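S.K.: Once you have looked at the hints, place chain B on chain A.
2 protein chains.
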Amino acid sequence: MAKHRALDGLFVALADPTRRAVIRRLGAGSASVGELAEPFPITLPSFVKHVRMLESTGLIRTRKSGRVRTCTLNRDRLLLVEGWLAEQRELWEQRTDRLEQFVTDQQEDQ
Amino acid sequence: MAKHRALDGLFVALADPTRRAVIRRLGAGSASVGELAEPFPITLPSFVKHVRMLESTGLIRTRKSGRVRTCTLNRDRLLLVEGWLAEQRELWEQRTDRLEQFVTDQQEDQ
Chain A
1 MAKHRALDGL
11 FVALADPTRR
21 AVIRRLGAGS
31 ASVGELAEPF
41 PITLPSFVKH
51 VRMLESTGLI
61 RTRKSGRVRT
71 CTLNRDRLLL
81 VEGWLAEQRE
91 LWEQRTDRLE
101 QFVTDQQEDQ
Chain B
111 MAKHRALDGL
121 FVALADPTRR
131 AVIRRLGAGS
141 ASVGELAEPF
151 PITLPSFVKH
161 VRMLESTGLI
171 RTRKSGRVRT
181 CTLNRDRLLL
191 VEGWLAEQRE
201 LWEQRTDRLE
211 QFVTDQQEDQ
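Order-wise, the sequence lines are chains A and B.
Just so you know, we're using the numbering used here here: the first sequence kicks off at 1 and counts up by one.
Just so you know, we're using the numbering used here here: the second sequence kicks off at 111 and counts up by one.
In isolation and in its complexed conformation, chain A is listed as follows (with noise of 0.2 angstroms):
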């Protein structure tokens, strides 16, 4: 149950693409929550909105050192959505390598 709240929450972070954006960018390292903004059209209240939301996810870490906080993406996050992933296409193939098999079964009984 907790896993579920924890994937819709996920889901929802990365379904925008600014999100998206920091995302990737954090893939690369660590970096200030100004420098993450500056690529975007967007005032900095609302950049801040974003982050908030990927840190409140767990998505990424933020720590302030002075006046600069900066934000480190938390993988362990992506892992998760990652694994659920990767248990549909277990079911998938599962099911691709039953028909297979029922094919193979239906050639030999001919």
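Any given hint might turn out to be false.
Reference excerpt, derived from the structure (chain B facing chain A, CB under 8 angstroms, subset only) [stated by the list, open to error]: (1) Asp118; (2) Val122; (3) Leu124; (4) Pro127; (5) Gly137; (6) Leu190; (7) Val191; (8) Trp202.
Quick caveat, the hints were computed from the structure, so don't treat them as lab data.
What you are looking at is a predicted structure, and each value in this text was computed from that prediction instead of being measured.
Backbone N, C-alpha and C fix where the C-beta goes; we use that ideal spot for every residue, glycine too.
M.R.: Just chain B now, with coordinates in the frame of chain A:
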């Protein structure tokens, strides 16, 4: 841009436990809306809204035959989500490789 919009919709569609459960169920094979709705303690009209949303993002396809609407998973759309995650993983891994190289270079310099 079209890919961004597609990803936005896909992530929104996956941000719901009922819709994720439908995706999982359809991974095991096609099913009618009635069969899919059965395990859920919600009304059929509420369930049909979830089905329509999944269909609008292309995650599932539906086909009506007589009074029965059959749903099928469209794996290509989940592959788009997998692809985005794989891109992120590649970025971290490149970074980890660079960090390892840096540490190795430092050790060799000592």
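S.K.: Hint numbers the structure violates, sorted upward?
M.R.: The structure conflicts with hint 6 only, although it agrees with all the remaining ones.
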